[in-house]
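Sequences listed follow chains P and G, in order.
Residue numbers are given in the numbering used here: position 44 of the first sequence equals residue 44, and the series is strictly consecutive.
Just remember that the numbering used here sits 1000 ahead of the position in the second sequence, which is counted from 1.
It is possible that part of the hints are untrue.
As the list claims (entries may be wrong) - Partner residues aside, some chain P positions facing chain G, computed with beta carbon under 8 Å:
id: 1; residue: 16
id: 2; residue: 19
id: 3; residue: 67
id: 4; residue: 84
id: 5; residue: 126
id: 6; residue: 130
id: 7; residue: 131
The hints are simulated quantities; they were obtained by calculation from the structure and are not laboratory data.
C-beta: ideal position from N, C-alpha, C; glycine also.
2 protein chains.
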Amino acid sequence: MNTISNRHQVTIEADHTVPVIRMTRDFDATPAQLMRAHTDPELFARWVGPNGMQTKVLDWDATTGGRWRYVAGRDGEEYGFHGCFHDVSEGRIVQTFTFDGQPDGVALETLRFEDLGDGRTRLHAQSLVDSFEGRDQWLASGMQTGVGEGYAKLDDLLAQL
Amino acid sequence: MNTISNRHQVTIEADHTVPVIRMTRDFDATPAQLMRAHTDPELFARWVGPNGMQTKVLDWDATTGGRWRYVAGRDGEEYGFHGCFHDVSEGRIVQTFTFDGQPDGVALETLRFEDLGDGRTRLHAQSLVDSFEGRDQWLASGMQTGVGEGYAKLDDLLAQL
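One chain only, chain P, in its complex shape (with noise of 0.2 Å):
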């Protein structure tokens, strides 16, 4: 089920000038698929996050102006992460991001998908917050492991849609 797993590699670039972050992956899938993987809860659910953790949608609005929350489970541990949604449409998200462990840290994150033709899709997305230790902490924080695993799972699942 994992063999397509490591095809594509996730670029994680730090800008040097502003404090955001941003991320680029291939897909085989079009545009279409990917947004729908983002923006349908139970498939958000399904790929989302490091493996071996679960993810619970309590809350889903995927449009724009709408809601979003969910808690992600493992070993007995939850971590819950919440936002709203600025802009929902096509081929671009923009919305609001919290870990409700640090409640007063929020990234305003802007999802784009450009169709590469031939059913492929480039995710670009842009994570931005408000200092640069806020910005780098998150990166220190191994996240590189969790969005790659994800990403990993997001390709199995496009494979099936």
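Go by the hints and put chain G onto chain P.
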């Protein structure tokens, strides 16, 4: 009616290291009154924006995960704005902000109402965008006038609450 309008001045600062604008303004009102004037759509429409601008709220749910949309009109021209409320809790509002004329531009705004005692409150407003160019364009647009005039109207409104 405008006798107390100029008692307090708004301070507007551009951060040198991150694309943030910070505004500070004192009010002769409690944090609860300030919160009400920012979350009640009828009150909000009465003070926001420069003099002579009429604000019409089209959509409003000032709760965590809610949404907002309004149009402001003057001299036959209309300007639309929208966003979502990431967090509305005691003394704090975090929301997104887009001017419909620049749909790709999104600001993440944080308002804090600091209780100064004796029925006075200091508003701390932070606006974060993803580039210094966008931030500085907004500063150069003359937004100080609109902000100052809006807060003078808010002074008058708060005196009636």
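task: May I ask which of the numbered hints given earlier this structure violates, with the numbers listed in increasing order?
output: Number 1 only.
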